[in-house]
Each structure stands twice: as structure tokens, then as C-alpha cells.
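Participant: Given next are the chains, with one letter for each unit.
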Amino acid sequence: MALKQTTGQKITITIVAWVIGLLLFFPILWTAIAAFKTESDAYTLPQNFLTTPWTLENFGIVQERSDYVLYIRNTVIIAGLSTLLGLVFAVPAAWSMAFAPQSKPTNNWSGYKWLAIIFGSAGLAALVLYFMGWHPTNFLVGIILLLMFVVPVSAWVWTRATKDTLLWMLSTKMMPPAGALISIYLLFNRNGLIYKDWGWIDLSDYNLVDSFWGMVPLVMLLNLPIIIWMLYTYFKELPVEILEAARMDGASLWNELTQVLTPMAMPGIASTCLLNLILAWNEAFWSLNLTNKFAAPLSFFISEYSSPEGQFWAKLSAASIMAIVPILIVGWFSQKQLVRGLTFGAVK
Amino acid sequence: MKSVVKGVLGAFAMAALATTALAADTTLTIATVNNGDMIRMQKYTDDFTKANPGIKLNWVTLEENDLRQKVTKDISTKGGQYDVLTIGMYETPIWGKKGWLVPLKGLDDPKDILPAVAGGLSVDGKLFAAPFYGESSFVMYRKDLMAKAGLKMSDAPTWDEIIAAAGKMTDRANGINGICLRGKAGWGENMAFIGSMANSFGARWFDEKWHPQFDTQEWKDTLNTYLKVMKDSGPAGASGNGFSENLALFQTGKCGMWADATAAASFTIDAKASKVADQVGFTIAPDKGLGKRANWLWAWALAVPAGSKKVDAAEKFISWATSKHYGEMIAAKEGWANVPPGTRTSLYANPEYQKVPFAAMTLASMNAADPLHPTVKPVPYVGVQFASIPEFAGIGTKVGEMFSAALAGQMTADEALKAAQDYTTAEMTKAGYIK
Amino acid sequence: MATNQSRAIGKLALAPSLIVLSAWAFVPLALTIYFAFLRYNLQDPDNTSWFGLSNFYYFLNDPYFVKDFINTILLVGSTIILTITGGVGLAILLDQPFWGRGIVRLLMISPFFIMPTVSSLVWKNLIMHPVFGLFAGIQRFFGSTEPIDWFGHYPLISVIIIVTWQWLPYATLILLTAMQSLDGEQKDAAAMDGAPPLSYFRYIVLPHLSRPITVVILIETIFLLNIFAEIKVTSVGGFAGNLTYLVFSQLNDANDVGAAAAGGIIAVILANIVSYFLVRIVGKNLEG
Numbered sequence: 001m002a003l004k005q006t007t008g009q010k011i012t013i014t015i016v017a018w019v020i021g022l023l024l025f026f027p028i029l030w031t032a033i034a035a036f037k038t039e040s041d042a043y044t045l046p047q048n049f050l051t052t053p054w055t056l057e058n059f060g061i062v063q064e065r066s067d068y069v070l071y072i073r074n075t076v077i078i079a080g081l082s083t084l085l086g087l088v089f090a091v092p093a094a095w096s097m098a099f100a101p102q103s104k105p106t107n108n109w110s111g112y113k114w115l116a117i118i119f120g121s122a123g124l125a126a127l128v129l130y131f132m133g134w135h136p137t138n139f140l141v142g143i144i145l146l147l148m149f150v151v152p153v154s155a156w157v158w159t160r161a162t163k164d165t166l167l168w169m170l171s172t173k174m175m176p177p178a179g180a181l182i183s184i185y186l187l188f189n190r191n192g193l194i195y196k197d198w199g200w201i202d203l204s205d206y207n208l209v210d211s212f213w214g215m216v217p218l219v220m221l222l223n224l225p226i227i228i229w230m231l232y233t234y235f236k237e238l239p240v241e242i243l244e245a246a247r248m249d250g251a252s253l254w255n256e257l258t259q260v261l262t263p264m265a266m267p268g269i270a271s272t273c274l275l276n277l278i279l280a281w282n283e284a285f286w287s288l289n290l291t292n293k294f295a296a297p298l299s300f301f302i303s304e305y306s307s308p309e310g311q312f313w314a315k316l317s318a319a320s321i322m323a324i325v326p327i328l329i330v331g332w333f334s335q336k337q338l339v340r341g342l343t344f345g346a347v348k
Numbered sequence: 001m002k003s004v005v006k007g008v009l010g011a012f013a014m015a016a017l018a019t020t021a022l023a024a025d026t027t028l029t030i031a032t033v034n035n036g037d038m039i040r041m042q043k044y045t046d047d048f049t050k051a052n053p054g055i056k057l058n059w060v061t062l063e064e065n066d067l068r069q070k071v072t073k074d075i076s077t078k079g080g081q082y083d084v085l086t087i088g089m090y091e092t093p094i095w096g097k098k099g100w101l102v103p104l105k106g107l108d109d110p111k112d113i114l115p116a117v118a119g120g121l122s123v124d125g126k127l128f129a130a131p132f133y134g135e136s137s138f139v140m141y142r143k144d145l146m147a148k149a150g151l152k153m154s155d156a157p158t159w160d161e162i163i164a165a166a167g168k169m170t171d172r173a174n175g176i177n178g179i180c181l182r183g184k185a186g187w188g189e190n191m192a193f194i195g196s197m198a199n200s201f202g203a204r205w206f207d208e209k210w211h212p213q214f215d216t217q218e219w220k221d222t223l224n225t226y227l228k229v230m231k232d233s234g235p236a237g238a239s240g241n242g243f244s245e246n247l248a249l250f251q252t253g254k255c256g257m258w259a260d261a262t263a264a265a266s267f268t269i270d271a272k273a274s275k276v277a278d279q280v281g282f283t284i285a286p287d288k289g290l291g292k293r294a295n296w297l298w299a300w301a302l303a304v305p306a307g308s309k310k311v312d313a314a315e316k317f318i319s320w321a322t323s324k325h326y327g328e329m330i331a332a333k334e335g336w337a338n339v340p341p342g343t344r345t346s347l348y349a350n351p352e353y354q355k356v357p358f359a360a361m362t363l364a365s366m367n368a369a370d371p372l373h374p375t376v377k378p379v380p381y382v383g384v385q386f387a388s389i390p391e392f393a394g395i396g397t398k399v400g401e402m403f404s405a406a407l408a409g410q411m412t413a414d415e416a417l418k419a420a421q422d423y424t425t426a427e428m429t430k431a432g433y434i435k
Numbered sequence: 001m002a003t004n005q006s007r008a009i010g011k012l013a014l015a016p017s018l019i020v021l022s023a024w025a026f027v028p029l030a031l032t033i034y035f036a037f038l039r040y041n042l043q044d045p046d047n048t049s050w051f052g053l054s055n056f057y058y059f060l061n062d063p064y065f066v067k068d069f070i071n072t073i074l075l076v077g078s079t080i081i082l083t084i085t086g087g088v089g090l091a092i093l094l095d096q097p098f099w100g101r102g103i104v105r106l107l108m109i110s111p112f113f114i115m116p117t118v119s120s121l122v123w124k125n126l127i128m129h130p131v132f133g134l135f136a137g138i139q140r141f142f143g144s145t146e147p148i149d150w151f152g153h154y155p156l157i158s159v160i161i162i163v164t165w166q167w168l169p170y171a172t173l174i175l176l177t178a179m180q181s182l183d184g185e186q187k188d189a190a191a192m193d194g195a196p197p198l199s200y201f202r203y204i205v206l207p208h209l210s211r212p213i214t215v216v217i218l219i220e221t222i223f224l225l226n227i228f229a230e231i232k233v234t235s236v237g238g239f240a241g242n243l244t245y246l247v248f249s250q251l252n253d254a255n256d257v258g259a260a261a262a263g264g265i266i267a268v269i270l271a272n273i274v275s276y277f278l279v280r281i282v283g284k285n286l287e288g
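Protein chains in written order, with our numbering: chain A, 1 to 348; chain B, 1 to 435; chain C, 1 to 288.
Because the hints were derived from the structure by calculation, they are not lab data. On a predicted model such as this, the values are computed, not experimentally measured, just so you know. Among the hints, a few may not be true.
[As the list claims (entries may be wrong)] Simulated restraints, written as ranges between beta carbons of each label pair:
#: 1; chain 1: A; residue 1: K10; chain 2: C; residue 2: P16; range: 49 to 57 Å
#: 2; chain 1: B; residue 1: K231; chain 2: A; residue 2: L50; range: 22 to 30 Å
#: 3; chain 1: C; residue 1: S144; chain 2: A; residue 2: L84; range: 47 to 55 Å
#: 4; chain 1: A; residue 1: P239; chain 2: C; residue 2: F69; range: 21 to 29 Å
#: 5; chain 1: B; residue 1: R172; chain 2: A; residue 2: E64; range: 34 to 42 Å
#: 6; chain 1: B; residue 1: H325; chain 2: A; residue 2: E64; range: 22 to 30 Å
#: 7; chain 1: C; residue 1: P197; chain 2: A; residue 2: P239; range: 35 to 43 Å
[As the list claims (entries may be wrong)] Quick list of in silico lysine-lysine cross-link-like pairs, BS3-like style, CA-CA up to 30 Å:
#: 8; chain 1: B; residue 1: K56; chain 2: B; residue 2: K333
#: 9; chain 1: B; residue 1: K231; chain 2: B; residue 2: K143
#: 10; chain 1: A; residue 1: K236; chain 2: A; residue 2: K163
#: 11; chain 1: C; residue 1: K67; chain 2: B; residue 2: K435
#: 12; chain 1: A; residue 1: K163; chain 2: C; residue 2: K67
#: 13; chain 1: B; residue 1: K310; chain 2: B; residue 2: K126
#: 14; chain 1: B; residue 1: K148; chain 2: B; residue 2: K126
#: 15; chain 1: C; residue 1: K67; chain 2: B; residue 2: K231
#: 16; chain 1: A; residue 1: K104; chain 2: C; residue 2: K67
#: 17; chain 1: B; residue 1: K435; chain 2: B; residue 2: K209
#: 18; chain 1: B; residue 1: K220; chain 2: B; residue 2: K56
#: 19; chain 1: B; residue 1: K377; chain 2: B; residue 2: K228
#: 20; chain 1: B; residue 1: K143; chain 2: B; residue 2: K105
#: 21; chain 1: B; residue 1: K97; chain 2: B; residue 2: K78
#: 22; chain 1: B; residue 1: K97; chain 2: B; residue 2: K209
#: 23; chain 1: C; residue 1: K284; chain 2: A; residue 2: K113
#: 24; chain 1: B; residue 1: K50; chain 2: B; residue 2: K98
#: 25; chain 1: A; residue 1: K163; chain 2: C; residue 2: K11
#: 26; chain 1: C; residue 1: K67; chain 2: B; residue 2: K418
#: 27; chain 1: B; residue 1: K152; chain 2: B; residue 2: K272
#: 28; chain 1: B; residue 1: K209; chain 2: B; residue 2: K231
#: 29; chain 1: B; residue 1: K228; chain 2: C; residue 2: K284
#: 30; chain 1: C; residue 1: K284; chain 2: A; residue 2: K236
#: 31; chain 1: B; residue 1: K50; chain 2: B; residue 2: K231
#: 32; chain 1: B; residue 1: K418; chain 2: B; residue 2: K43
#: 33; chain 1: B; residue 1: K143; chain 2: B; residue 2: K126
#: 34; chain 1: B; residue 1: K97; chain 2: B; residue 2: K324
#: 35; chain 1: A; residue 1: K336; chain 2: C; residue 2: K284
#: 36; chain 1: B; residue 1: K168; chain 2: B; residue 2: K105
#: 37; chain 1: B; residue 1: K309; chain 2: B; residue 2: K43
#: 38; chain 1: B; residue 1: K272; chain 2: B; residue 2: K98
#: 39; chain 1: A; residue 1: K236; chain 2: C; residue 2: K11
The beta-carbon is built from N, C-alpha and C at its ideal position, and this holds for glycine as well.
Could you build all of it, start to finish, from the sequences and the hints given here?
Facilitator: Printed below as a string of C-alpha cells:
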């Protein structure tokens, strides 16, 4: 409560706040200290962290033992490309919902009718497949599921009012990954739905498990609802009058986009990118399950320190510090913008 | 429309190809475990690539559980991510029987491989995986602490002797625990130890009709003894200690005894990593007077998945990694103690190697383990500390979790055994073993 | 006003996102439903056959299901209570002027940017280890000979501590932002009236925070239901596993695709119950 303060109160608050702040930050600080100690000193750290010598050797050992450079490269590629790819999808979508919103559904069918269509067609497909003798790794199954689910669902969402479209996007973020883990693994696998010798092209040697071709779209999809939402709330705040004035002056859609909208939207897009970068950087569930090395990010790199041989705390600390420092700095710079994206615009 | 799809897919494939097509060499992707011996091998790959200029090596080094899970998923879905797999005695017979592995040819003197190890890695006389190192388990102890407690370690200890010694050595005020044993859940972690301990107590996983046996007195004795000695003489937080954690404890001088893999021996006497390097003694795993000792048998071995397009290169690599030449090279550069142990008869016949303090005891321990007759009573499965059926990995891990919970004091021994019995019965019923 | 042309282009611009999102939401789910009805063990794929509802039967009767279900609720519930109470307190604190406010704010929100695998390992090894950890060191300093074995004896509480540490900054940051939007005039008026701090908090701050708190609760629920890395890398899955971990373990330890798929479906159903409420709350906000 920002009531009037005396200097004494201010001093008290300052002390309390600093103590709490340092306590919360302490584990990070402690890791940073251990990272600069020798291995056997790290184990006795609580007693003598000031008197023992400082060293840089752990960082070298971590690089030599587990190739940090490879993992940070992978992380940057996955986080960066998934952010860019996400923008490719999200900017048009957010733009469309912010500037050409639809207040009513264009189709008057009730949700139940749509549900009936979606599940009816999927059920029919299943029946046909059953009599054809289907198998889970059959390519046809994939195509038909795709058609039977994706087309009606997209069509349904497409005809909804903008508000409902947004909410539907939000609800896809709530799908627990545990429900998709098995399927995604098998879909990504070499002998999954797509990867076989098709005659005209032999795809049987490709495998999306542990590859950027799999991880980048996956991470993009994980965060796409958040990107769209965040961009939407930014675009919504842009002054429409300027756009209308531009239109009056006869600006084409292209000019409107490139010369009026983009410069105004840049700050919003930039903070969206930062949030997405943070989320993608720290993603753990899919990274731990789907990568081993070639597309493995830093989350995986650290998890391999959960049980190495013998003494490893200084190395663990050094590896941890190397993994978190870049994103910690990004986070510090973007903290104010994060709120909007992390609450789906509910708190600004 | 179709041509467009074709074009797009084609472009996608070309882009994917471009990364691999540039390298005309054969690149072998090797999945391996992050144990010290494997990491050491990665340092010496120059020796292999110089002799085989067309082959490049790409290592995927994973933590043990992670490796098992990922390799299993990959091979069972024919994912083909890896050209060389590091697997153990549990997987090899199961996968070999299913035809998932290539029978190995062109190895360096396969007759020289220890018979117990070769037997565990073969199906119908065909070797499906070449052992990189083999291990049994034994007891490592601190000579100085034994002397301080006024004891002398016997050459063939019983459980009673070990427990008494552990009690005497324990000095919690100075951070000394009489004995360190595995407690971390996992079929390859605590169940490897408890399972082989159970064998020496006469317990077994299943009877001849595949009914789980956790409701027997033998298992009760095993678990109660284990829990009691850990409570009286074990380190704090033992339920989280696996091989690595115990190694760190032993190296920092916190354990009087440590019953674990023979492969740990070289790390305990490595003066660079171990504070107690000059005080370590070795003795065979204890028994209960029933004729079976509590030592397991395990080998990490290299195999080639069936359907691989790089079988020749993979076999060349495996042959190199498991050859006598590799052992000699390590001996010359890092000392005999660091040669991968437990695979070759000739290594143990080598007078230089016999000077290594743990050599004789390792061989004796390995010879004492019998995968076909692991315990006193007959069993329907093969394997000392595991049962070589596909369902075992899941069951062993869950039972390990229950025993680990008992160690942490979250349930009693009886509750843990009951839970293990119920869980295993349900799983075996689901899998169709129990009709 | 939007012209017909721009409306049509707008609709088209929306299509790609809708298609990829619905593919993402439905194709894996559909396959998972299919697998849930199969007896399909990865170690034994030749034996794959129709299994009816048996996977659900075994999954629901698995003692681990009950335990992990309770763990999930405890983990989500207690973390939310801790982060909300802590978050309100810290937000009020940070809303006061004091020296070094910007830096303290940075210190407090930092844990949120730490990747889950790092925070788990750091807490487990450096802080809570019963022999070498900081807590054990502190306990020994005060004369205790048997430091608490956090992950052995209190695995769930340990995980809750880690997760709370990670999510407290989130609650703080959002509630602080909401506090700062509290009308300055209202604050001044309250100060003029000489309203006692407690009733000011009770009648002005709390009502203002009610909506952000609801949002924080719901969003944290969504993320916390899926906590995984904290449980996996600290290896407490056997004692303090949640449903996500149970599904993972069915797939990776037991190699049982059918059981894992059944568990996944159950997790989806639970998450949908929560998201039903979240979507409504956020939806209301859109209109306002």
C-alpha cells in the first residue's frame, strides 16, 4: 500500500525487500559460486566458500566433456527458427482478427451439428479403414485422419466469431503433452506415417526424432497460441484512425501493411519474440523425450548431468550457469512485456 | 496438384539430403552410455579412424536409463537413428531372438571372450553383441577403517560378517558410514543389488509358472536385512543413491564398505579422483551359507540393429572397440588398471594385468555368477539380477521404486513387498504369463 | 471500416494458423485414442491386438494411478496457494518505493527464467542434498547430526518447493502489474481518509486483484498439471510422480504404448475440465 512513508519505514521496507530478493535469488548465486570452485571444494561449499580458491577450469571441462557449444547452437536454432516460423503464421492471423474482426459466426449451425460432423466423419473413416485392414503405421490412416478431423475443425473455427476463434486457440495450448507424446513419437519416427520408400522418392532414411525438421515446427506449435494472443492484444491497441486515413488516401493493402502497420507494430512484435524465445529456450518435456544430440537443446544437455560418474557439482554448476545466463539476461530486459503474453492479455 | 505436392516434398527431401550427401564417408552414429570407460573410448577414436579413413564416428552419449529407454523405443519401432547400439545382457537375448539385431561376424578372436559373458550375449550360439566391458559385483572396503575397527576382511565373507563390520565402522559424527549400497529406484540400479542379494538369500523373482514370489519368507528376510543394515550403517539420503552417488561418497571417504560393480574398482584406486585410493581392498560378494553369492553379472556390449545399411562399417568399429589391440593401447596410454575389464580370458592371463589389485577378484566374481541358475531354487528365466523377458524392465523399475520407498521410510518392508507382489501379479496377468 | 476485400483477405490470413493448430490438436489425439484400445508393447510388437477397455481398466486400477493422481492435485494445489499468497505479499512490497527497487525486482523474477532442468538439479544437489547440501550445512551449523533427507523423506514437498520457487516470480510479476494499474487517485484518496492499511488492503486492493488472481490460478494450473522435468531429473518419479510422469513411465519403463495412451487420454480429460473454466474467465475479459 503506497501510503505515506516516513524515512524509517522506507529503510525497513528496503531491508525487508532486499533480504527477500536475495533469498529468492540465492540458489542462482550459489550455483554461480560453485561453478568457480574446484570439484572437491564444491562439495564442502557450505563451510568455506570464501576461503577456497576460485577457478575457471570447470567451464573448460564441461565443454570438453559434453560439448556445450553444440547444445547452445541447437537451442539458438530451435528457439530462433521457431520464433520466426511462429511469426509467419501468427502475424497474419493476429492482424486479421484485430482489424477485420467478426462479431457473429458466419454460419448459423450450432456447435452440436459441427461436433456431429467432425466425429461422424472420423467414425466413418475409422469404419472404412477397419474393413480395409488398417495398421497404425499406415500412411492412409494419417491422410484420412487429417482430412476427417482437421478440415471440419478448421472450417468450424473459421466460421466462428473472432472471440471464439481466439478462445479455441487458447484451448489448444491446454492439451497436456502426455496425451500426444506417443503419437508424436511414432509420427516423427522413421517408420512412422510418412517415412518410407514411396517409389518416386525414398524417404525411408529420414527421421524427425532428434532433428530440427521435427523440433522447430513442434516448438512453434507449442507456443503459437501465445504468440497469436500477444500480437492480437498489441494490434488491437494500434490506432485504427491512421489506417483509415491511409486507406482514404488510396493506399493499397500492401502499402498499408508495409508502411503504416509494420512500423507501428514493431515494438509489439519484438516483445512477442522475446517471450517466445524464453519459452522455447526453457522447453523441457519434448526436448527430453524427442532429442538426444543432433537437435538436443540445453534442457537436455543439463539433464545428462543428473547422474554422471563420481563428483560433478562444480561441473553441474558451471554447465547450469552456461545454460541460463543468456536467457536470464533476455528475461531481465523483457520482464514488463511478459505479463501480457503470459496472461493471454487478461492483465496488461 | 499432384506435381506441386511432389515438388514440395522433393525439395524438402533434397534439403534434408543435402546435409548428409555432402559427406561421402560413412558416418556411424553410436549410442552409448556415459560410463567412464565409454567416455575414454571417445578420446581414442583417432586410432580407429586413421585405420579406416572412410568411416566417421558420431557419438550420442546418454545417461544409463535414458539410453535404455531411447534405444528400446528406436529399435522396436525400427527408427534407425543409431548404427551401433550399446546394450546389456538383458536386452541382447530378447532382441536377438526377435531378429532385431545382426549376428556379429569378423570380431577379434571371439573364442577369447569369457564364456559366461559370451553365453549371456548369444542366442542359439550366435553372438549378437560384442562385450565392451563386463562386470560382476563385489565388496570394496577401506583397509584403514577395518584396521581401526580391529577387523580383518575375510576372503569369503558372509552377510553376518559384513553387517557386523559395517556396524563397527560406522562413525556418523565423523561422516563415516559403515556401508554404502544402492537405493535409487531402477531395475538396473537398486534392483541389480537387491536382486542379487535376494539370490544369496534363496529368493527368486518368479516360480516355474511365472507367479511372483515377493510373498515368500526369503524376500522378507532379504528386504528386512537390507533395510536394517542401511538404517544402522548407511548414508543419509540412501534412497537417492545409485552407482554414481555411491562412487562419489566412497571417493570422498564417507563409506567403510561399498558393495557394487567390479567396474567401479578402477575409479576407487585412481589417485586423481579418489581421496582413499591407497586404502581400498576388495573381496567377493557375501553369501548366506546357501551356496549362492550376491554377485550379479552384466556386460555392456555393442550391437548392430537389423536393417541397418551400414553393417560392414559398424562391424569394423565394434571389432576395433572390443579387440585385444584396444586393450593394449589403453594399457600403454592409461595404465593396465584402466583397460575395459571382464571380457577376455587372455586379459586375465596377462601377467601385467594380474598385478592390478582388483583383477583376480573381478574374475573370481564373474565366474561365481550363473545366469542359468541364479538362485537356489529353479527359475523359468535367464539372468542373475534380472529376468530376460520384455516385461521385466517395467516391473523391475516399479518394484525398485517400492523398495526405494521402503528405504526412505515411506512404507514398511511388508507393505513394499505386498505392493510389489500385487503390481507384478497384475502386470504378468496383463502380459498373459499368468493364465 | 473494413472493406469486403480486406475482410476476405483477413479470413484467408487466418486460415494457415487454424489449419496447423487443428492438426496439432487433433491428429495426435486421434492416434492416441486409437492406441488406447490396443495391447501394444514396444518390446513385443508382434503381439499387438485389440484390447478393448482393458488398458483403461489396468491403468485406473494401478495403485500408482491413485497415488499419482493425488500427487498431481497436491502439487498443483499447494503450489498455487503458496505462489498466490507469496505473490500478493511480494507485489505489495514491490509496489512501495524503496532504494534499489529495480534491482530487487530483477532478483525476484529471475527464477522464472531458469530452465526447469537446471533448477531441479541445482536444488536437488547443491541445496537439498542430505550430506553435501546447503540446508544440511545450515542444520549442522545449528548442531543437528542428522540433516533432513529432503528428496528421500519428503519427495513431494521437495518438488513443491522447487516448483514454487519457479512460479512465485510469475505470480508476483502479474499481480504487481495489476497493482500498478490500481488507480493512483484511489490510492491517494485512501491515504487522505487515513484508511488503516488492513482495511485498505481488504476493500480496495483485494477486489482489484481478484481477476488477476483468478487468471494466475488458472494459467498456473494448466502449466503445473504438466510438470515433468522437475520430477524426471530429480528421479523422484516413483514417489512423487504426477500423471504426466506416470504416462511417461508407462511408455519408457514398461514400453506399454496402450497403457500410456490410456493414461494420456485420462490426462486430457482432466485438463479439459480445467480449461473449460479458464476459457470462460478469459472470454469474459475479452468482452470487457
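Participant: Now tell me, hint by hint, if it's right for this structure.
Facilitator: Quick rundown of the hints versus the structure:
Here the CB-CB span from K10 (chain A) to P16 (chain C) is close to 54 Å, well matched to the stated 49 to 57 Å. Separated by about 37 Å at the C-beta atoms, K231 (chain B) and L50 (chain A) break the suggested range of 22 to 30 Å. A beta carbon spacing of about 54 Å between S144 (chain C) and L84 (chain A) agrees with the range 47 to 55 Å that was offered as a hint. As the Cβ distance of P239 (chain A) to F69 (chain C) is approximately 50 Å, the hint placing it in 21 to 29 Å is violated.
Between R172 (chain B) and E64 (chain A) the CB atoms are about 38 Å apart, so this pair conforms to the stated range of 34 to 42 Å. For H325 (chain B) and E64 (chain A), the Cβ-Cβ distance of about 26 Å falls inside the hinted range of 22 to 30 Å, so the restraint holds. The supplied range of 35 to 43 Å is met by P197 (chain C) and P239 (chain A), whose beta-carbon atoms lie about 40 Å from each other. Taking the CA atoms of K56 (chain B) and K333 (chain B), the gap is about 23 Å. The hint holds against a cut of 30 Å.
Distance check on the hinted pair: K231 (chain B) and K143 (chain B) sit about 23 Å apart at the alpha-carbon level, within 30 Å; holds. Of the supplied pair hints, the one linking K236 (chain A) and K163 (chain A) holds, its CA atoms being roughly 13 Å apart against a limit of 30 Å. Under the criterion of a C-alpha separation no larger than 30 Å, the hint pairing K67 (chain C) with K435 (chain B) is consistent with the structure, at around 28 Å. For a cut-off of 30 Å, the pair hint linking K163 (chain A) to K67 (chain C) is broken: about 39 Å separates their Cα positions.
Among the hinted pairs, K310 (chain B) with K126 (chain B) is consistent with the structure: their alpha-carbon atoms are about 20 Å apart, no more than 30 Å. With a CA separation close to 51 Å, the supplied pair K148 (chain B) and K126 (chain B) exceeds the 30 Å bound. The suggested pairing of K67 (chain C) with K231 (chain B) holds, with an alpha-carbon distance near 26 Å, which does not exceed 30 Å. Restraint check: the Cα-Cα separation between K104 (chain A) and K67 (chain C) comes to about 46 Å, which exceeds 30 Å; the hinted pair is violated.
This hinted pair checks out: K435 (chain B) and K209 (chain B) have alpha carbons roughly 10 Å apart, not beyond 30 Å. Only pairs whose Cα atoms come within 30 Å are accepted, and K220 (chain B) paired with K56 (chain B) is rejected, the gap being roughly 52 Å. For a cut-off of 30 Å, the pair hint linking K377 (chain B) to K228 (chain B) stands: about 25 Å separates their Cα positions. With a C-alpha separation of about 45 Å, the suggested pair K143 (chain B) and K105 (chain B) falls outside the 30 Å cut-off, and the hint is violated.
Taking the CA atoms of K97 (chain B) and K78 (chain B), the gap is near 16 Å; set against the 30 Å cutoff, the hint holds. A distance of roughly 21 Å separates the Cα atoms of K97 (chain B) and K209 (chain B); the hinted pair therefore holds under the 30 Å criterion. Distance check on the hinted pair: K284 (chain C) and K113 (chain A) sit about 25 Å apart at the alpha-carbon level, within 30 Å; holds. Between K50 (chain B) and K98 (chain B) the CA atoms are separated by roughly 36 Å; this puts the pair beyond 30 Å, and the hint is violated.
Of the pairs offered as hints, the one joining K163 (chain A) and K11 (chain C) holds, with about 14 Å between alpha carbons and a cut-off of 30 Å not exceeded. Simply put, K67 (chain C) and K418 (chain B) have alpha-carbon atoms about 16 Å apart, close enough for the 30 Å limit, and the pair holds. Among the hinted pairs, K152 (chain B) with K272 (chain B) is consistent with the structure: their alpha-carbon atoms are about 27 Å apart, no more than 30 Å. Restraint check for K209 (chain B) and K231 (chain B): not satisfied, since their Cα atoms lie roughly 35 Å apart, outside the 30 Å limit.
For the suggested pair K228 (chain B) and K284 (chain C), the alpha carbons sit about 60 Å apart, so the restraint of at most 30 Å is broken. About 17 Å separates the Cα atoms of K284 (chain C) and K236 (chain A), which keeps this hinted pair within 30 Å; it holds. The straight-line distance between the Cα atoms of K50 (chain B) and K231 (chain B) is roughly 54 Å, outside the 30 Å bound, and the hint therefore fails. The hinted pair formed by K418 (chain B) and K43 (chain B) fails the criterion: a straight-line CA distance of about 48 Å is larger than 30 Å.
Our distance criterion of 30 Å between C-alpha atoms is broken by K143 (chain B) and K126 (chain B), whose separation comes to about 44 Å. With a C-alpha separation of about 28 Å, the suggested pair K97 (chain B) and K324 (chain B) falls inside the 30 Å cut-off, and the hint holds. For the proposed pair K336 (chain A) and K284 (chain C), the alpha carbon gap of about 24 Å is at most 30 Å, so the pair holds. This hinted pair does not check out: K168 (chain B) and K105 (chain B) have alpha carbons roughly 52 Å apart, beyond 30 Å.
For the proposed pair K309 (chain B) and K43 (chain B), the alpha carbon gap of about 26 Å is at most 30 Å, so the pair holds. Distance check on the hinted pair: K272 (chain B) and K98 (chain B) sit about 45 Å apart at the alpha-carbon level, beyond 30 Å; violated. Proposed proximity of K236 (chain A) and K11 (chain C) is supported: the alpha carbons are some 17 Å apart, at most 30 Å.
Consistency note: the structure conflicts with the earlier hints numbered 2, 4, 12, 14, 16, 18, 20, 24, 28, 29, 31, 32, 33, 36, 38.
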